[in-house]
Structure formats: structure tokens, C-alpha cells
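Below, each chain spelled out in residue letters.
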Amino acid sequence: MARPDRRDPTQIRALHCVLGQLNRVDGSAQFSAGDTSVLCGVYGPVDVKLYDEKLDRAHIEVKFRPDIGVPTTKDKWVEDAVRSTFEREILGQLHPRTLVQINVQVCQGDGSVDAAAINATTLALIDAGIPLRAMVAAATCVVRSDHSIIVDPTQEEADSALSTHTFAFSNLQTNSPAYVDSRGEFSIDEYNACYDMCMAAVDRTLAFMRTAVEGKILKETQTAL
Amino acid sequence: MVAETEPSNIETQFLLEALQRGQRTDGRGIYDYRSLKITGGSTPGLVTVQLGQTRVMARVSCAVTRPYPDRPTEGIVQFNAELSSLCAPHVDHTLRSQEVTVTRMLERVLRQSRAIDTEALCIVAGHKVWTLRVDVHILDHAGNLVDAAAIAAICALRRFRRPDVTVDGETAVIHDVRDRNPVPLSIHHTPVCVSFAFFGAGELMVLDPSLLEEQSRVSWFTVTLNAHKEVCALNKAGGVPLTHEQIKRCVQIAVAKVDEINEKIQDAVNV
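From first to last, the protein sequence lines stand for chains A and B.
Just so you know, we're using the numbering used here here: the first sequence kicks off at 1 and counts up by one.
Just so you know, we're using the numbering used here here: the second sequence kicks off at 1 and counts up by one.
What the hints contain is simulated information worked out from the structure, not anything from laboratory work.
A virtual CB, placed ideally from N, CA and C, is assigned to each residue, including glycine.
Nothing false has been slipped in among the hints.
Calculated pairs, DSBU-like style, for lysine-lysine (alpha carbon to alpha carbon, straight line, at most 35 angstroms):
#1 B:Lys37 - B:Lys257
#2 A:Lys63 - B:Lys264
#3 B:Lys236 - B:Lys264
#4 B:Lys37 - A:Lys74
#5 A:Lys49 - A:Lys76
#6 A:Lys219 - B:Lys37
#7 A:Lys63 - A:Lys219
#8 A:Lys63 - A:Lys49
#9 A:Lys49 - A:Lys74
#10 B:Lys37 - A:Lys216
#11 B:Lys229 - B:Lys37
#12 B:Lys128 - A:Lys74
#13 B:Lys128 - A:Lys76
#14 B:Lys37 - B:Lys236
#15 A:Lys76 - A:Lys63
#16 A:Lys63 - A:Lys74
#17 B:Lys37 - B:Lys264
#18 A:Lys54 - A:Lys216
#19 B:Lys229 - B:Lys264
#20 B:Lys37 - A:Lys63
#21 B:Lys236 - B:Lys248
#22 A:Lys63 - A:Lys216
#23 B:Lys257 - B:Lys236
#24 A:Lys74 - A:Lys54
#25 B:Lys248 - B:Lys229
#26 A:Lys54 - A:Lys76
#27 A:Lys219 - B:Lys264
#28 B:Lys37 - A:Lys76
#29 A:Lys74 - A:Lys216
#30 B:Lys264 - A:Lys216
Just the calculated beta-carbon pair ranges, DEER-fashion:
#31 A:Arg3 - B:Gln23: 51 to 61 angstroms
#32 B:Ala201 - A:Leu218: 47 to 57 angstroms
#33 B:Pro163 - A:Ser160: 18 to 28 angstroms
#34 A:His147 - B:Thr65: 34 to 44 angstroms
#35 B:Val167 - A:Leu218: 50 to 60 angstroms
#36 B:Pro182 - A:Ser145: 24 to 34 angstroms
#37 A:Asp80 - B:Ser42: 22 to 32 angstroms
#38 A:Val70 - B:Pro163: 20 to 30 angstroms
#39 B:Pro241 - A:Thr211: 51 to 61 angstroms
#40 A:Ala14 - B:Thr65: 30 to 40 angstroms
Turn these sequences into a full structure, and let the hints guide you.
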């Protein structure tokens, strides 16, 4: 079954990112995969409310805003997903009794928005200079009605899928994902196939992120000279 | 708890002294706008406006709903401006009140000025109309949110395409965007806001205030014009009183400025 945009089953959409566009936040990144575009801004470490203060580490807060309408429970789910992924990756022990606030704003949503949110967050955290254990990238796979598996679905492809799987991996090369979200009816073989496909897609995304960050550092050092 | 810090006395004093000499702290002329950049997204109805360091994103979407019972032949337009927490880690009440100001201004500028043809949004009178939703997300606040938000909203509305509809008596067929090209909205005119801030006892004035100027102002005034140099709205809410000569001067300056803004809007919209 051909894909509407004629991509291969293992082909992700063209990636694009811009770092450091916003001025008030400490770090920002706009990450786009095809028509899905997500902007993430990070404040940190900043003052924390007394209620949320943690004595031995930073408090991580995530705010996810959709492009259309007011936030709903689906958006709260993505907030929770991003928070649980990055609570482990951010070296919060270096900044106790502070707040790291991650703000994600969807500019355009065309499938795989939660994966794009995680990718944008990694880049924004790097731009803000917040210490991380590793870089995390995510990818989404869906199992279509004919049981074929495709990676990085558009909204149209995701709507008609039997099951959707989002995996996030860090660049530490361990075989354990940083985040897993599977919905729908699927077999364990389908799950494993999605796992492998997402891992390959994540490798490519991490390479892209690395190039983007290297480019930014080079530009900064060159203008400083 | 990080609150929105007010500018220090030294900063406001410096600002006032510079203005008394006809200079602004960011090196602009008194009647100069910051650089305006309008970019559209790949989806129609998404526009990002950057005015200096202020960055605003507008997103237009539509849905089919029932009309209001007292207006059965008119579509509905809803505005929602949100000061994203990208602007400040803890959005407190002063920032929230700015959100409300921007939403109210957009409603006055776009809905009450009859810029959008709501009768053209009717599908089946009394039963089905289009509801347009304009979501304005303020991504970066560096002063003058109203002007940026108004430009973003009107550009997004003009770039937006709604699905085509064929009406046959009481039944309507809404065509998928892949079967029939989506159609533009019916917009009568393009209103543009031009904002001024006043300082001292109201005798010092600037156009397009930056964040520091906005925080130190004693009065503010917005003129809304369209490309035909017609005044759509004048907005002065609170602050030090202004003389009628000042108001007239502001309107004249706005008339001169609206051309350059309109040129940029036309470039962004006629893509």
C-alpha cells in the first residue's frame, strides 16, 4: 500500500530545526518533521514555588499547548510523557531547589506530534545549557489496516491505523527506550518490528540533532572571534 | 517565585531623559517601527509575525456548528489570545490582563469593524454555519503585543482556506480539501493597529513601544486603520489624559505608517 506522500515505509520526513529564536527564554528550539512543527522554550534553572521545591534536585515542569483550541486531557498526557522522559535525563541534582520549565507549543500538527515534542525539548534543553545525561530522540510507527508498518506517520496515516507506537531512545546505546507509548490492538511481533523501526529512525534523528547543535556552536564561536 | 520584575528607577529615568532629547533607548527614531517580518506556515491559516523581538503566532481553524439563535444567517468568529508561558516562567495577573487586552482588541479590530463577512460563513440558515476560531499564541513578549497580534490575525485570516461547500436547499455537501480546492474567506478590509505610548505628563510620545517603554508609560493609545486610510477604531483605556491635538497627530502619523505595514501584509498574503 503506497503512502500518500510516496515515502518508503522506513523513511522519515525531512527534518528542520532552528535554535535560539526566542529571547526571553533561556533556550529554545523549533523542530519540524515535514508539516509537523513544534516550538519548545526552556527556562532553567530558575526560582521555584515553595510548594514544588525539592531539596536535592530541580523540579521539572512541562507545559504543552496545542496549536488550535484550549489544552485538553490529550495535551496533559503529552505533558506527562515529556516530563517523565526528561526527569531521568536532566541532571537535576546539579541544581537543587530550582525549577526547569519546559514549554512546548505546537505550531502545526500533522502526525507524530508527541515525538516532535520530545525532539524539540532535547534541542531546547541543549540550547539553554541545562546539563543532560544524554540526548533523547523519539519516533512514531503505526501498523496500518493491512498490517504493514510505517514510520513517522502523517495525521491521515495515523487516523486510519490499527495501532500507534511512539518510542524514544537516548544516544547512550543501551537497548532500553527512554519512553514508550503504544495504543491500539497489536501483536508482540508487530510491537518488536515497530521497536526496531523506531530505533533506526531515532538514530537518524539524533545524527541530525548533533549536526544542528554543532552548526550552532560553530556559528557562535566564529562570530565571537 | 519569579514575578514580572518592574524596570529599575535608573532605567526609567534614563528612558525619560533620552526621550526629552528626542532619542530612544534602542536607537530608533520616535516614529520608527521595529523590523516587521511576516512568515506563513505550510498550512494556510498559520502566520508568525516578528516585530522586533516580539513574536506572535496566529492560527485559524474552522468547524461546522449551529448558529446563535438570534443570528441564524451569520457565522461565528471566536478569538483567543494566549500569553504562552514561553513569555515568563510564572504568568502572573499583570500578564494575564494583557492577554485579555489583546483578545478584546482583536475582537474590536476584526469582528466589530465588520472586516470578516460573517454572512458568507452561513451554510444552511438557522442550522449550519462555519465557526472560525482564531488562536493567537504570544511566543515572545518584547512590547507592543497588540500591533503584532492584529497583523498576525488578519494575515492568517486572509491566508486561510476553508473547505468548499455546495448547498442544495436544506442539505449541504462539504467537500474534502483533496476533492475540491478550499476557498478563501470573504474579508472586506484589512485593519491594522498602530500603537503609541506616552511618558512624563503625556507630552512625550513614541510609536511601537518596546518592553521597557511599555512598562514605563503613563498612557497608551491605539489607532486602527485599514488600507483605505479609514479609521476603524480608536482605543484609549485609562492612563494620563491626552489633548485632542495629540490624538489628531497620532492619527496622522498612523495614516503615514499604515502604507508600509500594508505592503508587508500584501507580500505575505499574496503568496
